[in-house]
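K.L.:
Input sequences plus hints: build the corresponding full structure.
Sequence lines, in order, name chains A and B.
Position 84 (the first sequence) corresponds to 101 in this note's numbering; numbering is contiguous.
Position 104 (the second sequence) corresponds to 106 in this note's numbering; numbering is contiguous.
In case anyone wonders, no lab produced these hints; they're calculated from the structure.
Note that the coordinates shown come from a computational prediction; the quantities given were computed from them, not determined experimentally.
Treat the hints loosely; a few may be bogus.
Covered, in the sense of this in silico footprint (three residues per stretch, anywhere, with C-beta under 8 angstroms from a C-beta of chain B), are these stretches of chain A [said to hold, decoys possible]:
| # | segment |
| --- | --- |
| 1 | 66 to 78 |
| 2 | 118 to 131 |
From the derived model, a few chain A residues whose C-beta atoms are all more than 12 angstroms from chain B [what the hints assert, rightly or not]:
| # | residue |
| --- | --- |
| 3 | SER82 |
| 4 | LEU98 |
| 5 | GLU99 |
| 6 | LEU100 |
| 7 | ASP101 |
| 8 | THR114 |
Just so you know, even glycine gets a beta-carbon here, dropped at the ideal spot from N, CA and C.
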Amino acid sequence: ETGVTQSPTHLIKTRGQQVTLRCSSQSGHNTVSWYQQALGQGPQFIFQYYREEENGRGNFPPRFSGLQFPNYSSELNVNALELDDSALYLCASSLGTGPQNEQFFGPGTRLTVL
Amino acid sequence: LAKTTQPISMDSYEGQEVNITCSHNNIATNDYITWYQQFPSQGPRFIIQGYKTKVTNEVASLFIPADRKSSTLSLPRVSLSDTAVYYCLVGDWTGGFKTIFGAGTRLFVKA
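P.N.:
Shown next as structure tokens:
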């Protein structure tokens with residue numbers, strides 16, 4: 018148990034819809050990173066939030082957006098869902114930015130787009 | 003652009019030592035190398051991190067040569083429960099910060 022929780026556990030949407038995924042970070046952690054993990058592949062970095070500001074972004078289109086709240090919890094929003102968005106979405110919290118900070122991952126949200 | 007390369011899969015037997023190597027030719031001067039373990043339907047879990055030379059903790063050792071273009075995760079005396087996917091992770095500051103996971107190495111430990 019890492020103390021990082023994600024909701025919902027599973028989600029089924031249809032193409033074109035919008036989805037919001039939620040993440041509660043470990044107590045005291047001010048940084049949250051989001052990843053997309055397609056079946057059989059490694060996690061792909063979507064973006065990172067530090068103290069409510071986006072700190073870095075991977076190669077994902079603008080329809081992937083996020084928020085971080087004053088309590089450091091975070092949301093990932095995906096608009097205009099496509100079939101290829103079907104994946105496990107992971108969030109990870111850490112004490113600071115940069116890969117030198119150990120990331121604590123949640124169990125993920127499995128998104129299926131039909 | 004930073005990139006990591008790992009073997010796709012490895013097999014081992016219980017009690018053996020397993021070494022998994024990751025190539026990261028474009029690693030930044032100020033970057034660390036981190037290894038994670040992932041079981042099916044779970045998020046990755048931190049194993050070990052290093053900058054150079056050798057690092058050891060209670061579960062693994064990490065060897066990093068002087069040029070830092072590769073690293074080797076060493077798992078001593080593996081057990082069946084070590085069957086998992088192992089990822090190395092580096093950072094990338096090209097066009098803004100991001101972290102780069104490799105494709106992962108699937109380790110299968112047999113009895």
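K.L.:
Taking the hints in turn, state whether each one holds.
P.N.:
Each hint, compared with the structure:
1. 66 to 78: holds (count 4)
2. 118 to 131: holds (count 7)
3. SER82: Correct as stated: the minimum Cβ-Cβ distance to chain B is 16 angstroms, above 12 angstroms.
4. LEU98: LEU98(A) clear of chain B: closest Cβ-Cβ about 22 angstroms, beyond 12 angstroms.
5. GLU99: Holds, because the least Cβ-Cβ distance between GLU99(A) and chain B comes to about 21 angstroms, which exceeds 12 angstroms.
6. LEU100: holds (21 angstroms)
7. ASP101: ASP101(A) is indeed farther than 12 angstroms from all Cβ atoms of chain B, at 18 angstroms.
8. THR114: violated (7 angstroms)
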